[in-house]
Amino acid sequence: MSALRERLQNSKDLVFTVEFPVIDGGGMAAVEKNVARLSPWFVAANSTDNTAAHAHASNLSVAIAMKNFGLEPILQIVCRDKNRIAIQADMAGANLHGIENIALLTGDDVTAGDEPEARRVFDLDGPQAVNVASILNSGTYLSGRKLQPAPNFFISAVENPFTHPFDYRVQRAIKKHEAGAQMLQLQIGYHPDRLENFARGVHALAPDLALLPSVVLVKSSKPLNFMNDKVPGIDVPADVIARVASAEDQSEAAYQLALEQCKHALTLPGVRGIHVTDFRHDDTLERLMTDLGRTPHNL
Amino acid sequence: MALESAGRKLLPLLLTVEHGLKKPVWGCQMCGQCVLHSTGMVCPMTCPKTLRNGPCGGVREDGHCEVKPEMQCVWVKAYERKDKLHLPQIWKDHYNELRPPVDMRLKGTSSWINLITKRDAWLPAGWRARKESQK
Ligand code: SF4
Numbered sequence: 009m010s011a012l013r014e015r016l017q018n019s020k021d022l023v024f025t026v027e028f029p030v031i032d033g034g035g036m037a038a039v040e041k042n043v044a045r046l047s048p049w050f051v052a053a054n055s056t057d058n059t060a061a062h063a064h065a066s067n068l069s070v071a072i073a074m075k076n077f078g079l080e081p082i083l084q085i086v087c088r089d090k091n092r093i094a095i096q097a098d099m100a101g102a103n104l105h106g107i108e109n110i111a112l113l114t115g116d117d118v119t120a121g122d123e124p125e126a127r128r129v130f131d132l133d134g135p136q137a138v139n140v141a142s143i144l145n146s147g148t149y150l151s152g153r154k155l156q157p158a159p160n161f162f163i164s165a166v167e168n169p170f171t172h173p174f175d176y177r178v179q180r181a182i183k184k185h186e187a188g189a190q191m192l193q194l195q196i197g198y199h200p201d202r203l204e205n206f207a208r209g210v211h212a213l214a215p216d217l218a219l220l221p222s223v224v225l226v227k228s229s230k231p232l233n234f235m236n237d238k239v240p241g242i243d244v245p246a247d248v249i250a251r252v253a254s255a256e257d258q259s260e261a262a263y264q265l266a267l268e269q270c271k272h273a274l275t276l277p278g279v280r281g282i283h284v285t286d287f288r289h290d291d292t293l294e295r296l297m298t299d300l301g302r303t304p305h306n307l
Numbered sequence: 634m635a636l637e638s639a640g641r642k643l644l645p646l647l648l649t650v651e652h653g654l655k656k657p658v659w660g661c662q663m664c665g666q667c668v669l670h671s672t673g674m675v676c677p678m679t680c681p682k683t684l685r686n687g688p689c690g691g692v693r694e695d696g697h698c699e700v701k702p703e704m705q706c707v708w709v710k711a712y713e714r715k716d717k718l719h720l721p722q723i724w725k726d727h728y729n730e731l732r733p734p735v736d737m738r739l740k741g742t743s744s745w746i747n748l749i750t751k752r753d754a755w756l757p758a759g760w761r762a763r764k765e766s767q768k
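Here the protein sequences line up with chains C and Y, keeping their order. Under the numbering used here, the residues of the first sequence are numbered 9 to 307, in order. Under the numbering used here, the residues of the second sequence are numbered 634 to 768, in order.
Among the hints, a few may not be true.
Stated by the list, open to error - Pairs of lysine-lysine, BS3-like flavour, derived with a Cα cap of 27 angstroms:
no., chain 1, residue 1, chain 2, residue 2
1, Y, K656, Y, K715
2, Y, K768, Y, K715
3, C, K75, C, K20
4, C, K154, Y, K768
5, Y, K655, Y, K717
6, Y, K764, C, K154
7, Y, K701, C, K230
8, Y, K656, Y, K764
9, Y, K701, C, K238
10, Y, K655, Y, K764
11, Y, K701, Y, K717
12, Y, K701, Y, K655
Simulated from the structure, these hints should not be mistaken for laboratory data.
Based on the sequences and whatever the hints tell you, model everything.
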């Protein structure tokens with residue numbers, strides 16, 4: 009059984025997951041180094057699928073490498089680049105390699121990346137992809153053809169509580185849950201009130217659905233501005249940006265903001281942990297985990 | 634079968650009428666498996682990602698589309714309209730149902746004929762089996 013599932017379903021412990029850095033250089037040594045850094049703190053890490061519509065070493069290849077080096081992968085599969093046949097092939101490949109955690113996402117558009125001229129696929133959408141993973145779990149492909157041994161996927165998805173239509177986001181989360189998702193990693197967001205409404209709404213309807221809000225570690229107000237201006241679906245209020253921008257020590261102010269976000273999120277119903285994305289690449293990740301009361305290797 | 638052959642004869646006429654009506658009003662893309670009734674009469678195929686199950690996470694703060702910032706998100710519009718329009722309750726209730734993947738073979742065919750012949754109710758065997766097991 010995947011350690012992630014085990015932790016979520018058989019314990020009340022908090023669960024921390026992390027975005028595994030994309031691999032464009034450094035070869036296997038880069039994977040190994042990142043695993044060594046992250047595995048003391050995180051039960052599992054997302055092996056991303058051409059994140060932000062940029063090509064990188066593939067989702068499955070990095071997931072297999074991570075697993076070999078000793079960190080449990082969450083294999084992300086995005087609907088933008090692959091049709092239903094290729095998506096199922098990713099799933100069957102994961103099954104072959106004993107990878108159980110999979111996360112299904114609609115994905116951002118090709119226009120978000122560095123090859124906006126590419127063809128977008130979206131043959132399936134996020135909720136459909138979740139349902140297809142559930143179908144594979146029952147021992148067949150979408151077509152009904154047998155797949156054996158049947159996978160034992162721990163299926164997750166992503167939802168954005170921070171954008172329109174706000175009250176529909178809860179229903180959409182439930183739709184993914186009914187399609188088979190048992191965990192939702194949430195989009196990065198800077199409106200605690202929206203997160204709170206979403207968590208309460210989801211928890212009332214699906215108390216077993218584990219929510220992992222995302223927190224991103226940045227060093228200054230620059231990336232906050234970037235997200236606000238350039239990443240559709242992320243709104244960073246002016247006062248949040250100003251709080252970091254006007255601080256004497258921007259790096260410290262940005263850290264305190266992230267720590268506050270974690271502490272707030274962990275008080276909400278249905279929230280079982282945090283998903284961390286690190287854009288700082290210094291020792292702040294370790295600091296954050298320590299400040300949240302974690303000790304290394306005590307996942 | 635009789636229905637099917639009648640449908641086949643009517644096909645060219647119906648295709649023209651359906652497209653002629655639905656294209657200007659709803660921007661119909663002739664996917665051949667119409668879900669307009671359950672989406673507040675907003676065609677999900679006009680979403681740049683052709684999503685059939687609700688809005689992606691990229692909706693902008695002003696409710697506009699991630700891909701086409703000048704356009705209101707199709708699903709935001711659908712969500713607003715489904716409550717505003719006087720549609721039968723059952724259609725409104727279908728808003729959040731899990732719609733199956735599009736059958737690409739039906740593209741360019743008449744959804745009216747496909748509805749009459751039940752061709753649009755075809756599902757891949759795996760999808761059908763899961764749906765039945767959930768009932
Ligand atoms: S923002 Fe709305 S219309 Fe645009 S791609 Fe996403 S779901 Fe489709």
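Consistency of the hints with the structure:
1. K656(Y) with K715(Y): The given pair, whose Cα atoms are some 20 angstroms apart, holds under the 27 angstroms limit.
2. K768(Y) with K715(Y): holds (26 angstroms)
3. K75(C) with K20(C): Holds: K75(C) and K20(C) sit about 25 angstroms apart, inside 27 angstroms.
4. K154(C) with K768(Y): With Cα atoms ~22 angstroms apart, K154(C) and K768(Y) stay inside 27 angstroms; holds.
5. K655(Y) with K717(Y): holds (20 angstroms)
6. K764(Y) with K154(C): Since the Cα atoms of K764(Y) and K154(C) sit roughly 17 angstroms apart, the hinted pair holds (cutoff 27 angstroms).
7. K701(Y) with K230(C): holds (25 angstroms)
8. K656(Y) with K764(Y): violated (32 angstroms)
9. K701(Y) with K238(C): Distance of about 13 angstroms is within 27 angstroms: holds.
10. K655(Y) with K764(Y): With a Cα-Cα distance of about 30 angstroms, the restraint between K655(Y) and K764(Y) is violated, given a limit of 27 angstroms.
11. K701(Y) with K717(Y): Measuring from Cα to Cα gives roughly 25 angstroms; hence the hint holds.
12. K701(Y) with K655(Y): Since the Cα atoms of K701(Y) and K655(Y) sit roughly 22 angstroms apart, the hinted pair holds (cutoff 27 angstroms).
Of the hints listed earlier, those the structure fails to meet are numbers 8, 10, in rising order.
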